[in-house]
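Q: Following the hints, put chains B, C and D in place on chain A, whose structure we already have.
There are 4 protein chains.
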Amino acid sequence: MARLEKIGCFGLTEPLVGSGTGGGLTTTAKRDGDTWILNGEKRWIGNATWCDVSIIWARDVADNQVRGFIIENKNTPGFSVDKIEHKIALKVVQNGHITMKDCRVADANRLTGGQGSFRDTARVLRMTRYFVGWEATGCQMGAYENALAYAQNRLQFGKPIGSFQMIQDLIARMLANITACQCMLLRLADLDDEGKMQDYHASLSKAFCTAKMRETVAWARELFGGNGIVVDYNVARFFADSEALYSYEGTFQMQNLIVGKAVTGLSAFV
Amino acid sequence: MARLEKIGCFGLTEPLVGSGTGGGLTTTAKRDGDTWILNGEKRWIGNATWCDVSIIWARDVADNQVRGFIIENKNTPGFSVDKIEHKIALKVVQNGHITMKDCRVADANRLTGGQGSFRDTARVLRMTRYFVGWEATGCQMGAYENALAYAQNRLQFGKPIGSFQMIQDLIARMLANITACQCMLLRLADLDDEGKMQDYHASLSKAFCTAKMRETVAWARELFGGNGIVVDYNVARFFADSEALYSYEGTFQMQNLIVGKAVTGLSAFV
Amino acid sequence: MARLEKIGCFGLTEPLVGSGTGGGLTTTAKRDGDTWILNGEKRWIGNATWCDVSIIWARDVADNQVRGFIIENKNTPGFSVDKIEHKIALKVVQNGHITMKDCRVADANRLTGGQGSFRDTARVLRMTRYFVGWEATGCQMGAYENALAYAQNRLQFGKPIGSFQMIQDLIARMLANITACQCMLLRLADLDDEGKMQDYHASLSKAFCTAKMRETVAWARELFGGNGIVVDYNVARFFADSEALYSYEGTFQMQNLIVGKAVTGLSAFV
Amino acid sequence: MARLEKIGCFGLTEPLVGSGTGGGLTTTAKRDGDTWILNGEKRWIGNATWCDVSIIWARDVADNQVRGFIIENKNTPGFSVDKIEHKIALKVVQNGHITMKDCRVADANRLTGGQGSFRDTARVLRMTRYFVGWEATGCQMGAYENALAYAQNRLQFGKPIGSFQMIQDLIARMLANITACQCMLLRLADLDDEGKMQDYHASLSKAFCTAKMRETVAWARELFGGNGIVVDYNVARFFADSEALYSYEGTFQMQNLIVGKAVTGLSAFV
Chain A
0 MARLEKIGCF
10 GLTEPLVGSG
20 TGGGLTTTAK
30 RDGDTWILNG
40 EKRWIGNATW
50 CDVSIIWARD
60 VADNQVRGFI
70 IENKNTPGFS
80 VDKIEHKIAL
90 KVVQNGHITM
100 KDCRVADANR
110 LTGGQGSFRD
120 TARVLRMTRY
130 FVGWEATGCQ
140 MGAYENALAY
150 AQNRLQFGKP
160 IGSFQMIQDL
170 IARMLANITA
180 CQCMLLRLAD
190 LDDEGKMQDY
200 HASLSKAFCT
210 AKMRETVAWA
220 RELFGGNGIV
230 VDYNVARFFA
240 DSEALYSYEG
250 TFQMQNLIVG
260 KAVTGLSAFV
Chain B
0 MARLEKIGCF
10 GLTEPLVGSG
20 TGGGLTTTAK
30 RDGDTWILNG
40 EKRWIGNATW
50 CDVSIIWARD
60 VADNQVRGFI
70 IENKNTPGFS
80 VDKIEHKIAL
90 KVVQNGHITM
100 KDCRVADANR
110 LTGGQGSFRD
120 TARVLRMTRY
130 FVGWEATGCQ
140 MGAYENALAY
150 AQNRLQFGKP
160 IGSFQMIQDL
170 IARMLANITA
180 CQCMLLRLAD
190 LDDEGKMQDY
200 HASLSKAFCT
210 AKMRETVAWA
220 RELFGGNGIV
230 VDYNVARFFA
240 DSEALYSYEG
250 TFQMQNLIVG
260 KAVTGLSAFV
Chain C
0 MARLEKIGCF
10 GLTEPLVGSG
20 TGGGLTTTAK
30 RDGDTWILNG
40 EKRWIGNATW
50 CDVSIIWARD
60 VADNQVRGFI
70 IENKNTPGFS
80 VDKIEHKIAL
90 KVVQNGHITM
100 KDCRVADANR
110 LTGGQGSFRD
120 TARVLRMTRY
130 FVGWEATGCQ
140 MGAYENALAY
150 AQNRLQFGKP
160 IGSFQMIQDL
170 IARMLANITA
180 CQCMLLRLAD
190 LDDEGKMQDY
200 HASLSKAFCT
210 AKMRETVAWA
220 RELFGGNGIV
230 VDYNVARFFA
240 DSEALYSYEG
250 TFQMQNLIVG
260 KAVTGLSAFV
Chain D
0 MARLEKIGCF
10 GLTEPLVGSG
20 TGGGLTTTAK
30 RDGDTWILNG
40 EKRWIGNATW
50 CDVSIIWARD
60 VADNQVRGFI
70 IENKNTPGFS
80 VDKIEHKIAL
90 KVVQNGHITM
100 KDCRVADANR
110 LTGGQGSFRD
120 TARVLRMTRY
130 FVGWEATGCQ
140 MGAYENALAY
150 AQNRLQFGKP
160 IGSFQMIQDL
170 IARMLANITA
180 CQCMLLRLAD
190 LDDEGKMQDY
200 HASLSKAFCT
210 AKMRETVAWA
220 RELFGGNGIV
230 VDYNVARFFA
240 DSEALYSYEG
250 TFQMQNLIVG
260 KAVTGLSAFV
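Residue numbers (numbering that gives the first Met the number 0), protein chains in the order written: chain A, 0 to 269; chain B, 0 to 269; chain C, 0 to 269; chain D, 0 to 269.
No wet-lab data here; the hints were simulated from the structure.
None of the values given here were measured: they were computed from a predicted structure.
Any given hint could turn out to be false.
The list makes no distinction among identical chains, and a pair is therefore deemed to hold if it is satisfied within one copy or across any two copies.
Unchecked claim - Restricting the straight-line Cα-Cα distance to at most 30 angstroms, the calculated cross-link-like pairs of lysine-lysine (DSSO-like) are:
| # | residue 1 | residue 2 |
| --- | --- | --- |
| 1 | 158 | 29 |
| 2 | 158 | 82 |
| 3 | 29 | 5 |
| 4 | 158 | 260 |
| 5 | 100 | 29 |
| 6 | 260 | 82 |
| 7 | 100 | 158 |
| 8 | 100 | 73 |
| 9 | 90 | 5 |
| 10 | 195 | 158 |
Next up, chain A with everything else stripped away, as it sits in the complex:
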């Protein structure tokens, strides 16, 4: 995968296990000599519909530990993927619903790097949450740039709508949100370079940037009036996509509970 010769996907979320991954995966792995037998379902797995290999996280029935396995999507009997249809957001990404029925995987395909355990998923989530911050910033920037241009060109009452106070208010608020997200992530990039980024840093920035994004894209969308609900003006797409960014890689609520635990020293997940 690192040579980009094969495309992979990351199979953690399940139909019935989203926020509560820490509370128990339902996909099981059972050792049988040199192979493992996997059973269960994974949902929302980006790229799963067409990629070559999947990393599947499953609970070892022997010791209840979560282990990761690399599965060849196309050559593994019992492994099937359905494309999730009727999405309103992030249509550019295909998400798969994976079903595994007695899928056999060689023990050699068990992940043993890192700590070879569930804690590795936390390392992955830390990075993906940090990345979603950037996605959310880019999503806002796209909405803002389209909105600014529209405000400068769209005339009502014989004037560009950008010359009205209420429209300038929306534009200034958007730009402030974007600038705040950029500056926060720039600082987090430094922390990451220095090897100091913690889970709660990533959670705080994921929650903040996606929450501000939601405000920004809504203001941009409304600035377009009716034209804001057709995809042709771009802003409708940014508006809709932001809902996926807001929820994936951990909801706003979960991020806040991760931050809350870090600063109070008290856990409130359950």
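A: For chains B, C and D alone, coordinates are given in the frame of chain A:
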């Protein structure tokens, strides 16, 4: 139309004239003996793609007054309608983009009831804005009912997510918004019955109910996590539809300026 | 008290027990023949500094039930009240910090009407929460009326500031909030007349009206610019007072948990 | 002043001229040989009640240009200062209401550095607006730190309130706001070091940081329940002070119009 034997549509908004209808329509009407010749475009006209007759508002080139005309969609040379594609909201309604090239209408089809002038459109808008309040309330109710049921049934960490404080907070806020909208509109219905509903009443309720709707459907959508972005769970549709309701029949900004003018006695439209 | 010959106060909240009254009062009552001996502290008790009698809620050490007692403030040895100083809000009300050291109360002064138990406090809270809704509405109305007059009279750039879009936006939002609160409470008044008002109705309206009040008074305060921070212009007082209304008779969080429990059937208090 | 031997104040705002300083000061300066005669009033001038010298901005009646003058507070006949009373915010600062009746100032005390004109005030405002961003950040930090400690120590239902989801939600949102403000201002400090900070940078950060501060201190205040309205717990002071910070050195609305003009190229002040 009143006998429901023919379906009509209301052609006021134009591609370049939305909020600024008071500042001048670009569609023109020119008298030619017993007929009028109409030229121009109308946009976002609900039902226009398939209905029988259209009410078209146009500016009389002779005296600059706005007049209404009834046009037979299918029998009027020069009259054509394109369906607006790529909508993200309110897909259940077909919106048309009407183009009129030298359309001839008999003078008998000119609207002469009411005041026979542009002021009649204000009467129509007052009622449609009031109705949008109810639509916005119904849209929230749909989102809420789906969200409540999901919260009671969806398990994470072995418990219904509805048993977590942060989810109850969302639910209680949703219900408060809905109750507020219902109570406001109930009172406005009384005012309407008494013949006392004014434009600014309708504007205030349209602005308030659609703004609260936007909050409510966003909370409902996020409560569903990833499942909130597929239409199958309903909430995605309420979420997307609400953007149309928020903007049509006059934007939030325009409603607030109508209210603002009524209470301050000062106009700030331009 | 009903003849208004004596003024009373309602002693439920304690220094260490606010939201968690249901979880246990620390003030104790111990029966001793025909009298009870009360020990403990009560805090935030409105009027306590000067009124004639206090209703004190305490936990019976014998059976852990909460019972109410009427105490004569001035004739009861061991009963003392300190005025709570340094308040920023609702200075018009004096709040007392009551200390009881071996206060003796005749058993005849034990409340036996109602259910003679802690459930009676819920009935009181239902009504006071409903009343706070009205207080919050009145507080907003005061802020709004002052703000509207200021907007019409204060000139900047040679024009009344009420003629600027951004100011009209604030005014229209304020008025919508107020109207929503009025309509909700009007409906609740009907429910109360019909004997149908439940605890969760009062909680929903208390949470909604005080949350909208907080928005409204903040918009009003900012409309006054610098003059909004001196009491002379009235709005500063409404702004500050609203914080007391927002928190007393149960916090926003507690009201939402009461509503949440009612609609989900799931308790999330602890 | 630069040697800190004398303390000064900055007299720009007037009783009737706040946001609209660009539209015309009412304080006048009239040349009379080697001296100038000043008449008018200044309001909200920090330190004015006790400082040594005041910088007064006035409109030259000869050419309508705004000029700055240094006045010795205590030795200038006709110069008087009243302390502004009844403030609810930033009581630590004394604000003066200055009245000037035929105050004579030597021409040597006219400011001639910089551009010797009204544009110099913009340079001052740029820096003070940037500084208010830091003040707003510090104000939030104070509120947050007190709130966090309270959440960890205050018990309800037998547990620290910081262990409840709704409280953790408030805490995480506060911390995200603070972090965003810190990161934005850190970046702005770099721009300032590089000599690249523009007026609209300062305006954007002033608007953003003070708006987030308002959210943060309100969340902190409500976390304290009733104790949040007495100054003894600190948070009430941060809550009240933030209103001064939000409005001074230019309102939220003015900052947004400055940003809006910079990015749209369209002025919407009037």
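Q: Take the hints in turn and mark each one as holding or not.
A: Each hint, compared with the structure:
1. 158 / 29: between (69 angstroms within a copy, 27 angstroms between copies)
2. 158 / 82: between (47 angstroms within a copy, 29 angstroms between copies)
3. 29 / 5: within (27 angstroms within a copy, 67 angstroms between copies)
4. 158 / 260: For residue 158 and residue 260, the Cα distance is within 30 angstroms only across copies (15 angstroms; inside one copy 51 angstroms).
5. 100 / 29: Answer is within: at 12 angstroms inside a copy they meet the 30 angstroms cutoff, but 67 angstroms across does not.
6. 260 / 82: neither (36 angstroms within a copy, 37 angstroms between copies)
7. 100 / 158: between (64 angstroms within a copy, 27 angstroms between copies)
8. 100 / 73: Within one copy only: 14 angstroms inside a chain, 58 angstroms across chains, cut-off 30 angstroms.
9. 90 / 5: within (22 angstroms within a copy, 39 angstroms between copies)
10. 195 / 158: The answer is neither: 51 angstroms in one copy and 32 angstroms across copies each exceed 30 angstroms.
The earlier numbered hints that this structure contradicts are 6 and 10.
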